[in-house]
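Per this note's numbering, the very first residue in the sequence shown carries number 708; after that it's consecutive.
Below, a list of computed lysine-lysine pairs in the DSBU-like style, where the Cα atoms sit at most 30 Å apart:
# : residue 1 : residue 2
1 : Lys751    : Lys919
2 : Lys939    : Lys814
3 : Lys897    : Lys931
4 : Lys974    : Lys931
Using C-beta positions, here's what the derived DEER-type ranges look like:
# : residue 1 : residue 2 : range
5 : Phe940    : Lys751    : 27 to 37 Å
6 : Asp724    : Phe969    : 43 to 53 Å
7 : Ala921    : Ser964    : 17 to 27 Å
Simulated from the structure, these hints should not be mistaken for lab results. All C-beta atoms in this analysis are idealised placements derived from N, C-alpha and C, irrespective of residue type, glycine included.
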Amino acid sequence: MPTVALTLKTAQSDFRDIQICSPEDAPYLRAPAHLVFVALVNYKLIPLYLVSNGPYPVYSDDNDTEAFFIRSLVCQNMNVGLLAKCPELDGDLFVVFYVDELSSGIKCFCLDFSIIAQALEFREMTQDSENTYYVSRTKWGSLRSDTSVFDRVLENKSSRKSFTQSPSEATTHTSLLLTTPAQISLAINKIILLGLRLRGLTASGLSSAKDKIAIREIHQMTRKATLFAVRKFKYDFNAGETHHELLLSVLQDIVESLLQAFVDIPKK
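Whenever a hint applies, use it, and build me the whole structure from the sequences.
Here it is in structure tokens:
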């Protein structure tokens, strides 16, 4: 795997020769010439939807740099990560260095905070689209949950099953196109949580610790299976298909099918 070498600037010194093994198609780590130290953080508390690339192995042949990472990460709590900023990329990109417990080495991953701006843009979208899953609180009321839009989607979807929709009517309904890993991950989590809630399976609604563990397992397995299922849109043997974009409605169908397989018992 190709390697990019960066310099980490701190208030005390510059630590050079930070070698990050990243693929050539990872633009985040190939644009900046240096990083700027921000703070030590608990990297395990970072939301997954902010992670844009990684994890990548990190090496260094510089003695000072090696000593800095040992002092900052290895000798600290295992949850401690080092947050660095890419100043050349409009302040939206950060890199987190941490100790990988499995390999006992230093790794890093990228955070892209521009996803927050994208979320705000989605909130400004018209709510007439049945597949818009970001809800504007100013329009729907401050007490209405973001997941309420999924309820409306399922209600409309159920009501349409009783009649056949003409092609002209079908074209009026637009589906939200999911293009980035962060968008896909966020949508999957929201759809799974909604599907479980509609089945009455929530942590607050269950008193048994065994049931709560089962719900977490169902959530994890559904998420992993959904991520595996959406790989079909990137397979080379599907490249010739006319429709191969990942739409929110397609993601909803995948999650619902998995929840039916993992949770629902067929009625006799």
